[in-house]
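Participant: Keeping their order, the protein sequence lines are chains A and B.
Read left to right, the first sequence gives residues 1 to 300 (our numbering).
Read left to right, the second sequence gives residues 1001 to 1141 (our numbering).
Be aware that a few hints might be false.
Below, simulated DSS-like cross-link-like pairs (lysine-lysine); rule was C-alpha separation at most 25 Å, straight line [as the list claims (entries may be wrong)]:
1. 289/A <-> 1116/B
2. 88/A <-> 63/A
3. 289/A <-> 249/A
4. 294/A <-> 200/A
5. 134/A <-> 88/A
6. 277/A <-> 1116/B
7. 202/A <-> 1030/B
8. 251/A <-> 298/A
9. 74/A <-> 200/A
Don't read these hints as lab results, they were simulated from the structure.
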Amino acid sequence: MSTDAPQTTDETSETSTEDAPAEAPSAGDRRRAQKQERAAERAREEAEAEAAAEAAKNTVHLKVFRYDPEVEGKQEPRFDDFHVPYEKGMTVLDALMYARDTYDSSLTFRHSCRQAICGSDALFIDGSQRLGCKTQLSDLDMETPIRVEPLPHADVVKDLVVDMEHFYEQMEAVEPYFQTDDLPDEELEEQRQSRENREKVKMSTRCIWCSACMSSCNIAAGDNEYLGPAAINKAYRFAMDEREGEEMKQKRLEILEQEHGVWRCQTQFSCTNVCPKDIPLTEHIQELKREAVKNNLKFW
Amino acid sequence: MSQSYNRGLIEDFGRWREFSAGMWAWIFHKFTGWVLVGYLFTHIAVLSTAIPAAGAEEAVLTAGEDVYTQTIVTLEDLLLVRILEVGLLAVAVFHILNGTRLLLVDLGIGLESQDKSFYASLILTGAITVASVPTFIAGAF
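Sequences and hints are given; from them, build the entire structure.
Facilitator: Here's what the structure looks like:
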């Protein structure tokens, strides 16, 4: 942005001085002027009515899941309808925020950065797990009402807010942080990673902990102990990191090889389909499976 | 934890319209797998009639009046059995094709086109099933 003051144009003042000196208008002139005025007004009214009709046509119909255990009349889950004026480029989150700010301040949902970084607004939109802020309304079928529900397979706390505690527990279970015994010789030396190795783990580092994959996973729904795609992807990120050393990799594989680890995955590709950061989750889980097999099968 | 509303733990089959290719592949693979397991038992039951038939006399065998031959002939006379055989072939072919697809997925090959390979196995199953109909139904009517 430039810090220059905006240049003002003085064209308007010039043109006004060019007007002809005022003359006493005749009666006919006055009538004509009135007629013109009335016509202009009619045109204006028509335009306004048209704009209103256009606006009515350009509203988005949201059907939003509502539930509040703390209020007597709201304990039975229901769907509320919101008609939000549509603007080009509007996302589902924008529409929800408009509905909350304009119609019902008790509508509750998580959101923060609004640019698919914080991972707090994963919702079940039109039958699929998506980030509210990353989903353009124009990409959805706006002819039919857009259903916005909390993530499936998770306990609902209120409205669109689900309990993420279990998801976070599974994420923590794989020790999602860098650990190594392989320390550099000198105290201040960097632990460099090769470019190839960085490329290998690149996609897996993009996880924003939104839990969309966990919610979409049919296996995780039936088996509460299953680590889930996000946690396994996190483990992949560190297990494949060459700087962690062989001993640490063994430890990580031991966590993943358990009954409720990688082997639970049945390759439905649900997680890969819904991941808002396009992480190839199934691919990573499959690679860890192969890694686990190679680790345990010894023919000599 | 606050009181919460339980939304169910298994996938809601009311949402079947929204299932993706991978989900359908999984459901069909489970279903065909169980059908094949079930068939295996009836298969063993039918083949078991060959044990008493093996002890039958030469003349009975050539006349085709032993238990085994009688069982097979009776079964094949039923139109329902003929139709079920077509179904069995469809189920087996899909299980084989999707099993190959899963093998490739396990090897990390073609993960990008897993949905296409599912559709391909579906179409191929349909084609093979249709092609098999004359063979199975011939002489049933």
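Participant: If a hint holds in the structure, say so; if it does not, say that too.
Facilitator: Structure-based check of all given hints:
1. Taken as a hint, the residue 289/A and residue 1116/B pair is honoured in the structure, with Cα atoms around 23 Å apart against an allowance of 25 Å.
2. Pair hint residue 88/A plus residue 63/A holds up; C-alpha atoms about 20 Å apart against a cutoff of 25 Å.
3. Annotation: proposed proximity of residue 289/A to residue 249/A holds, straight-line Cα distance about 14 Å (limit 25 Å).
4. Distance hint between residue 294/A and residue 200/A is fulfilled; the C-alpha atoms sit about 19 Å from each other, no more than 25 Å.
5. Restraint check: the Cα-Cα separation between residue 134/A and residue 88/A comes to about 14 Å, which is no more than 25 Å; the hinted pair holds.
6. Annotation: proposed proximity of residue 277/A to residue 1116/B holds, straight-line Cα distance about 22 Å (limit 25 Å).
7. Restraint check: the Cα-Cα separation between residue 202/A and residue 1030/B comes to about 34 Å, which exceeds 25 Å; the hinted pair is violated.
8. Our distance criterion of 25 Å between C-alpha atoms is met by residue 251/A and residue 298/A, whose separation comes to about 18 Å.
9. For the suggested pair residue 74/A and residue 200/A, the alpha carbons sit about 48 Å apart, so the restraint of at most 25 Å is broken.
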